[in-house]
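Asker: Next come the chains, spelled out residue by residue.
There are 2 protein chains.
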Amino acid sequence: MLSVEEAKKLLLERFSDYKFRVEEVDIDIIKNRILAEDIVSDINVPEFNRSTVDGYAIRASDSHGASDSIPSILDIIGEVRMGEEARLDIKSGESLYVPTGGMLPKSADAMIMIENTEKMDEETLLINKAVAVGENIVYKADDIGLGELVLERGRRISTEEIGVLAALGIRKIRVYKKPRIYTISTGDEIIDIDEKLETGKIRDINNYTLKSLITDIGGEVSGSSIIKDDYELLRSGLEEALRISDIVLISGGSSVGTRDYTHKVIESFDGDGVFVHGLSIKPGKPTIMGEGEGKLIIGLPGHPVSSIVVFNAFLKDYINSKLGTREIESSVDAVMDFNFPSSPGKTSYQMVKLELRDGRYYAEPTFGKSGMISLLSKSQGYIILEMHEEGIYKGEERRVYLL
Amino acid sequence: MLSVEEAKKLLLERFSDYKFRVEEVDIDIIKNRILAEDIVSDINVPEFNRSTVDGYAIRASDSHGASDSIPSILDIIGEVRMGEEARLDIKSGESLYVPTGGMLPKSADAMIMIENTEKMDEETLLINKAVAVGENIVYKADDIGLGELVLERGRRISTEEIGVLAALGIRKIRVYKKPRIYTISTGDEIIDIDEKLETGKIRDINNYTLKSLITDIGGEVSGSSIIKDDYELLRSGLEEALRISDIVLISGGSSVGTRDYTHKVIESFDGDGVFVHGLSIKPGKPTIMGEGEGKLIIGLPGHPVSSIVVFNAFLKDYINSKLGTREIESSVDAVMDFNFPSSPGKTSYQMVKLELRDGRYYAEPTFGKSGMISLLSKSQGYIILEMHEEGIYKGEERRVYLL
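Residue numbers (this note's numbering), protein chains in the order written: chain A, 1 to 403; chain B, 1 to 403.
The set of hints was computed from the structure by calculation and includes no laboratory data. Wrong hints could be hidden among the right ones.
Unchecked claim - Straight-line C-alpha distance at most 30 Å; calculated DSBU-like pairs for lysine-lysine: (1) K172/A <-> K196/B; (2) K8/B <-> K19/B; (3) K19/A <-> K31/B; (4) K31/B <-> K282/A; (5) K119/A <-> K378/B; (6) K346/B <-> K129/A; (7) K196/A <-> K106/B; (8) K316/A <-> K316/B; (9) K353/A <-> K346/B; (10) K172/B <-> K228/B; (11) K119/B <-> K264/A; (12) K228/A <-> K129/B; (13) K264/B <-> K316/A; (14) K353/B <-> K9/A; (15) K353/A <-> K177/B; (16) K31/B <-> K196/A; (17) K172/B <-> K316/A; (18) K129/B <-> K91/B; (19) K282/B <-> K140/A; (20) K353/A <-> K316/B; (21) K316/A <-> K353/B; (22) K31/B <-> K177/A; (23) K285/A <-> K31/B; (24) K378/B <-> K19/A.
All chains, full assembly: derive it from the sequences and hints.
Answerer: Structure, rendered in structure tokens:
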């Protein structure tokens, strides 16, 4: 039985050659996609010396010694309008009105804010403050220079990156195609949402929760099915799933019988077969991982909370590593309101609910032995106890990963 | 000029009667939607007494005193298969094989794990451990009882809630319609992505960043346009936007001229007009908020970073309050790697970049006076300095809200 770390490493080794494909996509739908190319600027930003204030473009030396009591006097020779080129240039002793964001005339080397000036008449300006060279100006290429690397391959696209691309005038970019992930729920007892709940039957939960998690991590659900505990049915279902997916997730009953089927079916395909037989993880011990037809197949536990935990423990990191990206996990630091012993030799994932008191978060465990649905509806996050840890002490602060 | 808190309060007061509508949606697309109804269970979960292990259903009293050296002996009268009703019942001295998740016979009050048993032959079972009543069993309705409130109105739907609904056999639920939000970029200098960048022109960034933020908070972009600095054009553009939206965001130049247009145009509609004229926020001071035709109109600053900050400061909380939902902000606690003075009398939002060192996050400020695009591409989060705070000291730990 491997540890979580060992299994993560093995996953990446076994699939080191597996490549996710690339596609070109419009800026309006690139949210959360991963850049598959470096973005290099083909323009200067700004393209011109730009004012950061409403005021007058001047030569800084003309303002030396200016004060309220002894203002400097300059000629106003005109104005620059927003969106227009600055056609006039200023000689020494001259000034030009420029609005915030407007272009400066060639010989101007500073902007004086309108609040520090007074118009005597349409052609005469008093300035009551000295300004330094470069004051209130953003110079051409100060922000981004032509040829500069602005966003690197592997960058996850969020609002800020979208702003950068819009500023650079880039409408389409190359991103990694969403990993195609298929979900199979196995078990004679499993029925779908719309089926009548007969005695002994259990509703399919895993297909729905896993499909939600797949979209969370930027994947695409390539398909989803419920398959009975039958070798042939499972094999042909898996064969079809493998054909149209990068990864297949099979969640099954925890009973020994079902696990045997899944194991044998994975082994029946070309490839390395099962290479992880159980994990030192709690919950989620009976997880298996394998390779068939070059694709990753994970046999998740049947218990919905266990399959959510194993998915969270592995899939996000695996996809991020393959696409060369990282992310800061959605989390909050919380004070543990409980003592909790660890499970020696296992990495434990404990679900918690959070309470905000006096600006700090406090976490309490949620347990699911009897109440799996209650657990799901009450849990807001989880903490991770590493293999070597003794446990959690009430009052200590830990990172809670948000569900 | 109002503080952020005062403006938030005023927003909710002014729009206390504004209602967002409701729609019925399929479970496959309810991710991140907000429940508009209470979900009450119309079934018991489990519907039957269920085993949590592979093992034998017995009467607990039959196992009293059992041990390795002196095992108890029971008759095996059959098995229950997954997904099937338990038709046989056990008398004292009898046992029935039940797999994990399988249904227990009526008179069984405990499950003994298969690991604690030994089959002498097909009809004889040795048990070597005493079990208590209720051991390894989830009783009917232990998880959810018929008529129990499981998910409350205002709950944000995530993976766990989807699992709950699937377990309850609920395929469609009533959720709040996504708030329809329209974005207008104003300014003679603004051009769209595909237009040729002429001297003096600036690319539209705000429409793209705001559209991204709108989907972040669960809104729907009802439309988006660039409008020149012209009263009539802005008024007719805003009129159309108001007709099809719940909220309209107008981002404009910081120059005094553009702000005047926006102010006058808002006032020209039926309604309370502008009720927030500037905010004690940095950046974002020249923000205005108003009401026209019963809808919320926000005049955001033209600077993309400022408009992102103001959006983050107000829209998420406003929408969440109107839909009666809350969320835990994605954040990390980080050590500040810098001293930073506050701006007295203002709430400051400072963008930072994060570095992970020895398991702790460290934050450094990103500044944007010259480099707005560089700022956007480097910032990963922001910290909030409240009005009363003196500043940030290097080494102190603060919450960094993730962008």
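Asker: Work down the list of hints and note, for each, if the structure agrees.
Answerer: Taking the hints in turn, this is what the structure says about them:
Between the alpha carbons of K172/A and K196/B the distance comes to roughly 16 Å, so the proposed pair stays at or under 30 Å and holds. The suggested pairing of K8/B with K19/B holds, with an alpha-carbon distance near 17 Å, which does not exceed 30 Å. A C-alpha spacing of about 29 Å is found between K19/A and K31/B, which places the hinted pair at or below 30 Å, so the restraint holds. With a CA separation close to 27 Å, the supplied pair K31/B and K282/A stays within the 30 Å bound.
Distance hint between K119/A and K378/B is unfulfilled; the C-alpha atoms sit about 41 Å from each other, more than 30 Å. About 26 Å separates the Cα atoms of K346/B and K129/A, which keeps this hinted pair within 30 Å; it holds. Restraint check for K196/A and K106/B: the C-alpha separation of about 22 Å stays at or below 30 Å, so the hint holds. For the hint pairing K316/A with K316/B, the CA-to-CA distance comes to about 26 Å; that is within 30 Å, so the pair holds.
At most 30 Å may separate the alpha-carbon atoms for a hinted pair to count; K353/A and K346/B exceed this at roughly 34 Å. A C-alpha spacing of about 44 Å is found between K172/B and K228/B, which places the hinted pair above 30 Å, so the restraint is violated. The suggested pairing of K119/B with K264/A holds, with an alpha-carbon distance near 26 Å, which does not exceed 30 Å. Taken as a hint, the K228/A and K129/B pair is broken in the structure, with Cα atoms around 34 Å apart against an allowance of 30 Å.
With a C-alpha separation of about 50 Å, the suggested pair K264/B and K316/A falls outside the 30 Å cut-off, and the hint is violated. A distance of roughly 29 Å separates the Cα atoms of K353/B and K9/A; the hinted pair therefore holds under the 30 Å criterion. Under the criterion of a C-alpha separation no larger than 30 Å, the hint pairing K353/A with K177/B is consistent with the structure, at around 28 Å. Proposed proximity of K31/B and K196/A is supported: the alpha carbons are some 25 Å apart, at most 30 Å.
A distance of roughly 29 Å separates the Cα atoms of K172/B and K316/A; the hinted pair therefore holds under the 30 Å criterion. Proximity of K129/B to K91/B is assessed by CA-CA distance (about 19 Å); at most 30 Å being required, the pair is judged to hold. Between K282/B and K140/A the CA atoms are separated by roughly 25 Å; this keeps the pair inside 30 Å, and the hint holds. Between K353/A and K316/B the CA atoms are separated by roughly 22 Å; this keeps the pair inside 30 Å, and the hint holds.
As the CA atoms of K316/A and K353/B are separated by approximately 22 Å, the hinted pair is consistent with the 30 Å bound. Restraint check for K31/B and K177/A: satisfied, since their Cα atoms lie roughly 21 Å apart, inside the 30 Å limit. For the hint pairing K285/A with K31/B, the CA-to-CA distance comes to about 29 Å; that is within 30 Å, so the pair holds. Simply put, K378/B and K19/A have alpha-carbon atoms about 28 Å apart, close enough for the 30 Å limit, and the pair holds.
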